[in-house]
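In the order they appear, the protein sequences are chains A, B, C and D.
Counting with the UniProt record's numbering, you get residues 1 to 342 for the letters of the first sequence.
Counting with the UniProt record's numbering, you get residues 1 to 342 for the letters of the second sequence.
Counting with the UniProt record's numbering, you get residues 1 to 342 for the letters of the third sequence.
Counting with the UniProt record's numbering, you get residues 1 to 342 for the letters of the fourth sequence.
Some hints here could point you the wrong way.
[Unchecked claim] Here are some chain D residues the structure puts well away from chain C; computed CB gaps all over 10 Å:
id	residue
1	E91
2	T92
3	K120
4	G164
5	N214
6	S278
7	R337
8	H339
[What the hints assert, rightly or not] Here are the simulated BS3-like cross-link-like pairs (lysine-lysine), alpha carbons at most 30 Å apart as the crow flies:
id	chain 1	residue 1	chain 2	residue 2
9	B	K158	A	K308
10	A	K298	B	K308
11	C	K120	D	K120
12	D	K186	C	K120
13	D	K158	C	K120
14	D	K120	C	K308
15	C	K186	C	K158
16	C	K308	D	K308
17	A	K120	B	K298
18	C	K298	D	K120
19	B	K296	B	K266
20	D	K308	C	K158
21	B	K308	A	K158
Derived by calculation from the structure, the hints in this document are not laboratory data.
Beta carbons are placed, not taken as given, at the ideal position from N, Cα and C, and that holds for glycine.
Number of protein chains: 4
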Amino acid sequence: MYRFTNDYSEGAHPRILNALNETNLEGNFGYSTDPHCDHARQLVAQAIGNPESAIHFVVGGTQANSTCLCAFLRPHEAAIAPATGHICVHETGAIEATGHKCLAADCGSDGKLTVEALRKVWQAHPDEHMVKPRLVYISNTTETGAVYTTAELEALRKVCDELGLYLYLDGARLGSALAAGGASLKDLAKLCDAFTIGGTKNGALFGEVVCIQNPRLAEDFRYIIKQRGGLLAKGWLLGVQFETLFADGLYEQLGQHANQMALALKEGLQGMGFSFASDSPSNQQFPFLPNALLEKLKGDFHWEVIAKNPDNTTQIRLVTSWATQQEAVDAFLQAVRQHSGV
Amino acid sequence: MYRFTNDYSEGAHPRILNALNETNLEGNFGYSTDPHCDHARQLVAQAIGNPESAIHFVVGGTQANSTCLCAFLRPHEAAIAPATGHICVHETGAIEATGHKCLAADCGSDGKLTVEALRKVWQAHPDEHMVKPRLVYISNTTETGAVYTTAELEALRKVCDELGLYLYLDGARLGSALAAGGASLKDLAKLCDAFTIGGTKNGALFGEVVCIQNPRLAEDFRYIIKQRGGLLAKGWLLGVQFETLFADGLYEQLGQHANQMALALKEGLQGMGFSFASDSPSNQQFPFLPNALLEKLKGDFHWEVIAKNPDNTTQIRLVTSWATQQEAVDAFLQAVRQHSGV
Amino acid sequence: MYRFTNDYSEGAHPRILNALNETNLEGNFGYSTDPHCDHARQLVAQAIGNPESAIHFVVGGTQANSTCLCAFLRPHEAAIAPATGHICVHETGAIEATGHKCLAADCGSDGKLTVEALRKVWQAHPDEHMVKPRLVYISNTTETGAVYTTAELEALRKVCDELGLYLYLDGARLGSALAAGGASLKDLAKLCDAFTIGGTKNGALFGEVVCIQNPRLAEDFRYIIKQRGGLLAKGWLLGVQFETLFADGLYEQLGQHANQMALALKEGLQGMGFSFASDSPSNQQFPFLPNALLEKLKGDFHWEVIAKNPDNTTQIRLVTSWATQQEAVDAFLQAVRQHSGV
Amino acid sequence: MYRFTNDYSEGAHPRILNALNETNLEGNFGYSTDPHCDHARQLVAQAIGNPESAIHFVVGGTQANSTCLCAFLRPHEAAIAPATGHICVHETGAIEATGHKCLAADCGSDGKLTVEALRKVWQAHPDEHMVKPRLVYISNTTETGAVYTTAELEALRKVCDELGLYLYLDGARLGSALAAGGASLKDLAKLCDAFTIGGTKNGALFGEVVCIQNPRLAEDFRYIIKQRGGLLAKGWLLGVQFETLFADGLYEQLGQHANQMALALKEGLQGMGFSFASDSPSNQQFPFLPNALLEKLKGDFHWEVIAKNPDNTTQIRLVTSWATQQEAVDAFLQAVRQHSGV
């Protein structure tokens, strides 16, 4: 069974696992107050080019988003997010559970927030009978694999400054976004009030970095992590993983590999004439494949179904990761070729 | 200045004010444990035809909605409401502040929830990565003045039973809805798990009745009222008002008067050729009037602006109430006629 | 039946009721944006000697406290309150329902917070594994009738400044505290970041004023009122009541009357040899009376039972208000005298 | 440096680390829907003797507690816990952040909840002006190392049944409690509505098992885990760890080892005449040691300071774990002996 189900089907990259093995018994203080976390914080600060950024580690993505928004917003303040944004749809109301409304902005199939859609939501909330929009949530890559350019982020930043909004970027799949030529880590540190760097989907066993550039938002952040159950007792496990990922460019390499595998799938399927729901440059691909073909593939490969169409095709999601092997891609394309008679 | 701004511009109907004056010094236990509240509960129970219904009083509409949804829902459960529903738009995220997501269903200009729109939202939430739809919120009249028929509520009830959803009806303007021939109080008590009967907009100084038919939802409701700041110390003030409204049919009469005044405005304006954003049978009317005309009217009359249109007209909202006098309606129509040269 | 049950057994003082009657049909904009509220805000600002204070009106006391603490505190921040403080005990967890812990400080039978007790709680919360104390809650009068002197408040203010804490005073019974010679309104405005002025228990039908001196705490306060269901549609009802209370010294007079009635009860009972749980100078008195005596009184008078003692006495609470008549006090003392054979 | 700081200074037991290494690349579905989690659930169900128990895995202890209480309680319901209980003190208000008050019951230096203390809190909360006690929280071992006997739990269960309370046991240090002869896993499954089995402090990298016996409390629990950020993407990491701990008795063995090391410290120090704050049979020991001695030890050993006493001694906490070596214990006792001249 070759899995294109998601980018968290395997454990950790061997270098990370090795580091965890080697440090297993060394003894460390808890709650990310250890030398590994300190070192990882230094490496991340260097990578994003901002020694003043507050850098924290948490275990998962929903935790990162809900901890940040809980920390950043006052009770009546709301987040504006693209309608397909993770916090709007796939986090079981985690943001609302902290008391904040998520305002869904119109977005296209790329899942990106445009300046126009942002302004439209903002204008619809003029007074105290409505929530007050205060934070813009975007994800990079988006939920449908698109990647923000530096220019797009600069445009959003400008509107945020004009309207008094924070800009927050969910980087659960940032490794893939960076490798796809999107805005750089240094750009993010300049343009976002806060952003996350996802480890879970890019080689770590688990773990997300939270980088807070706006000092107003950084105050007492560890209290909020602890209150929301995110302060890992053996916090150095996060430090060890991120010092490995941010030494010697491993984080970037793993994103590049994931993208290469995804683009090989894309090109192969395009070459056989199949179309895609969006033109993704990253590690998620959304082809339309005939139901009869999928029926034949399903014993040997795994994917997620996005939508079944009336024309006997299905939009599926194929996801690659640092762990995807060329062999899996070749096998998939070979099987498609064989079963579809292309 | 004649006000068509809203239906809460004046104090209480004289009979209610009189009752408050008469009982002012009689001395009562607090927190709605007094004989007036008991009597009002009996009268309401009789009016809705359900002696088993739990009946509570709170001061305002947002309080009623947020107290109910807070009491009825578990943390991961969400409300489905029409996109224009009050809880979605005009309560400053009060429902989200209790931790619950409001899922906006598509709706037309009448602001009603259809069975199709309800099913569509429900189907989009299949598993634990998303909130669990658990309650259907509708308002009657809707925010744009429409009124649910008994058949429409029966259809919603049927889907709610099928899908395991509670049906909750916000009756902030129920007086007008009843008078417009919508579903009766007895219908509501049969079809809704819970609903409110608005006093603020129908002759009371303040006050909403909460009627809970589903015994599972009624448990410990007074705790939730108290916790959310809604347990009025001098609770008999609510009892006195609702025993007045529900004795001798005053509640119905006031709704009828409000509607008569609104329909007189509607017919008058229609007779002069003006069109409306929706065909409202109730105390809110949404005509399109020329900007030049409105400019001339604005010193003598007050209304709310809904939307300015490119064709030099504006959609306004005219609201009538128990306190609106025929004289005000006549003056408005006369002024329109005069200034528009119809 | 003469009631000493509480200070909210009757409606409004006749002058207030009269003002409500007179303004009933004048027509006003909603949500406290009307001239009566503006006028009341001016009068209160003048009375507290701070034209810069933000002044808001809400319906009830639990609402005032939970709205303020919700608005003032970040998620991990906690209130320190005397163990018998209203928010600790009698608000059904309203503060916790906004996410904030109430840290109970040791206090004596007077219910006052001392500097020592405050410091002790603060010192026990040194790091992010615990909540961060951020606000000091006191009530004046306290729940057991005690009154803070200006010197006591100055001492608390000094510690608050030292430790970075807000000072919040719940004035649900402030009328009685002022009349008992406690810190003046102008003192409160100088010493507290925010405080409330209770109307419900001092002549109003309902209503509490929130005065926020610290501009950082005042930001967007109307959003929080609305979100928590406290923005009264017919907001001018609050304005009319408080402009009456704060014109011509009515607020002070009503507090004085309540205290006079209470002190007459106290002196009468002391003269007959009965002892008290505390030496209250205000409108709540807590005598110990023999059970046999109470048995004889209970048909004609009403009070609250605080605690039954092993020595066949009961600690009761006698509360007076603006509405308590000399006749009631005389009748009570006469009956005690008669039944106890003193 | 020998660490007696806590029981989470090292990574995972070698057998667990080995299992993680071996399964690293096998590919699994996410969110604990994999065969390892299924297997671990079977093994735990067997160990607790209840095949009907709902069994879930989360990453940490605060997460386990706050997820459970959030799932189990309605908004007005409160937890009763010993005053030193973890949720009362050391979780940064995580329970209050879900809206629920923690009612602190008096407890002795052993940190146990007695039936009397429980009843006292319950009796103080009779009506809707106060929170409604609904759940009893205890921890085993307690925060000061004590262990509940089966008889003690039976007595608490009986009161819980009488008063309509849930019994919840926080087993963050359950490995040590079981090894100290406290109530067995099967007893817990019979007596508790829900309890947790801590992995973090007993050989796992991270992870706690939540066992819910009361089916009413189990409904939709995965939604709450997800909403609160606790649904680990690579959930099989939890499954792999707990199937290792619950195969071949490893969980019990590790608890026994930790206790043996702790009791060796205890006996050694007692033999030298030092006294203890409590008579702990488990892996936390709380001796009083002279400040001068501690000054000499501090370069080679690490511990936590609990309290400094006026007699120039300090109460410290020594914690052992599965990873504590005999060598460390010997070195500590040797150093004490040497420096104190005993």
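Okay, the hints, checked on the actual structure:
no.	hint	in the structure
1	E91	violated, 8 Å
2	T92	violated, 6 Å
3	K120	holds, 14 Å
4	G164	holds, 18 Å
5	N214	holds, 23 Å
6	S278	holds, 19 Å
7	R337	holds, 33 Å
8	H339	holds, 29 Å
9	B/K158 / A/K308	holds, 28 Å
10	A/K298 / B/K308	violated, 55 Å
11	C/K120 / D/K120	holds, 25 Å
12	D/K186 / C/K120	violated, 42 Å
13	D/K158 / C/K120	violated, 37 Å
14	D/K120 / C/K308	holds, 15 Å
15	C/K186 / C/K158	holds, 17 Å
16	C/K308 / D/K308	violated, 41 Å
17	A/K120 / B/K298	holds, 29 Å
18	C/K298 / D/K120	holds, 28 Å
19	B/K296 / B/K266	holds, 19 Å
20	D/K308 / C/K158	holds, 28 Å
21	B/K308 / A/K158	holds, 28 Å
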